[in-house]
Amino acid sequence: MHGSEAGAASVLFGLNPMWVAAILFAITYIVVMTEKVNRAIVSLLAAGLMIVLGVLNQETAIRGIDFNTIGLLIGMMVIVAITRQSGVFQFLAIWAAKKVDARPWGILVMIALVTAVTSALLDNVTTVLLVAPVTLLITEELKVSPYPYLFAMIFSSNIGGTATLIGDPPNIMIGSATGLTFNDFAYNLMPVIVVIMAVTLIPIYFIWGRHLKAAPEDRQRVMQFNAREAITDPRLLKQCLSVIGLVIGGFVFAKALHLEAATVAMTGAALLLLLANFGHDAEHQSKHVLEAFNEVEWITIFFFVGLFIVVHGVDGTGLLKLLADKMLALTGGNLTATSMIILWSSAILSAIIDNIPFVATMIPLIKAMAPTFGGPEGLMPLWWALSLGACLGGNGTLIGASANLVVAGFAERAGQPIRFIQYTMLAFPIMLMSIAISMVYLYWRYL
Amino acid sequence: MNAKILMNPHPMTLRPSDTVATAADRILKHHLRHLPVVDAQGRYLGTFSIYSLLKLTLPKAVLDKYGLDNVSFITESIGDLAQRLDRRREDLVQDWLNIHEVAHPSMPAMEVMLLMLNGRTTSVPVVDKTSNRLEGIVSFWDVLEKLMGENA
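These protein sequence lines map, in sequence, to chains A and B.
Reminder that position 99 of the first sequence reads as 99 in this note's numbering, one-by-one numbering, no gaps.
Each number in this note's numbering corresponds to the 1-based position in the second sequence with 1000 added.
Bound conformation, chain A alone (with noise of 0.2 angstroms):
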């Protein structure tokens, strides 16, 4: 989707198409991280006064737009915004809890996993609103504080993402731009994920974990919860688990079946909005496919429209392939130190930035190396050093992913809140060693 490309309209001003795209480039940067302005804002403004300056006209703008992940993600988007309604995820948790005789550390380890496995499915966010609320209910009801089931939750929630195409958006980015499948990402991340998911509970039980108690009676309150009726709607939780396993078909085939994800997810949403309103006259139809449609998250995706457009503005001037020359002359082209340099800089770049523009920037630049190391091919560790990187880094700080802030927000409206410099304290540690165990992992499978 990127490389240079000639076309460009000329630059205003006869200034340096370089030194006009890098400067949009760094504004809208640190616009996103200032938080003053909405970054679907920053990012739309940043893409038009790229096409206004001329760096870009507004056809090779469009060309930048990888439309693959835009598609993944509207329709992921519409089938959890359907699926969440039938009450299928409060079951799961509720199931999970009462599978451990509601014992505390055994329902932190129940939810951590929950968690992990819906990330891997669904978008983060998602699944945080979806399993906080009733993870709040059982540590209310079990009198016991909710913040290590919270800080579990943004654990898993990023490290589950970090296991699937569909997972976390900097996957979808790099399986987009570089044809990596599903069955590519779990193939190649899910051994080292169910390492990292086992490992970083260690410190959770040694901190929290072997003190948190609580009494019979309140255990036999969670065990009185009928998980079954947290099923709201029978018929649309059959249409919804059958799409998504369609969907999920269609991305471990999708290769086999020359699809690309975008077809797959878009197609399978469509699929699930004709079942779930088949039979219904127009006004229901209209009303319901509105309401789908308003779930998706449309700051996120225009967001990713104008970042697309603006790093593609700044990768036809050829700086990104500049610094990719720099970067490898650094490590004198060799495959493990480029390989550790990318894991550990988009780990810590991560946890404090929006791993979102980290790994829009880091796809054109990485793809720059490919003649140092023998083609696409050769650049597989790199891939993968990239996305455990920028996924597990954003579990370093509260701000590192937006999944982290969800689940902070229930905690300070429950009472409990998570402090920024407390939860560095504790996660940034933990964060690096999960990122130790990919390094050990990317040298011992790749390297």
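Check the hints yourself; a few may be wrong.
[Said to hold, decoys possible] Calculated pairs, SDA-like style, for lysine to any residue (alpha carbon to alpha carbon, straight line, at most 25 angstroms): (1) K98/A with L1081/B; (2) K98/A with P1105/B; (3) K287/A with K1055/B; (4) K1055/B with Q416/A; (5) K1065/B with E295/A; (6) K98/A with L1063/B; (7) K143/A with K1065/B.
None of these hints come from the bench; they were simulated from the model.
In this text the structure is predicted, and so the values were computed from the model without any measurement.
Based on the hints, put chain B in the right spot on chain A.
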């Protein structure tokens, strides 16, 4: 006709430091729905209502803005629910206030009735614009009584 004429100038009130137990007793004894809460200077701070009591009895996870909208899986006895409320009996009313739209003494009757309809409430506190002192409370029963009296 305006709010000053419609209102009860001596409504029953609560202090911010009153407990939930005191408020619940008063609500039950007098069958009130809303009790205005005023400070020592008589300034209006908010309203403690039957909705505050409902919130106190429900789990926090339900009250969150992204909270659970279905709790049919919780099968609690009336005893369990009573315990929930009992755990909060020493909470202060100041932590459970609802902030309602208020009327001013000179507000026309129709505007007061619109406030009731839009706020889905049966009573509107009447507050002095400058001092924020509670002057009285207009309840829907006062309004209806006046309306029916005119037609009699």
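Taking the hints in turn, this is what the structure says about them:
| no. | hint | in the structure |
| --- | --- | --- |
| 1 | K98/A with L1081/B | 21 angstroms, holds |
| 2 | K98/A with P1105/B | 57 angstroms, violated |
| 3 | K287/A with K1055/B | 31 angstroms, violated |
| 4 | K1055/B with Q416/A | 18 angstroms, holds |
| 5 | K1065/B with E295/A | 16 angstroms, holds |
| 6 | K98/A with L1063/B | 23 angstroms, holds |
| 7 | K143/A with K1065/B | 21 angstroms, holds |
The structure shown violates the earlier hints numbered 2, 3.
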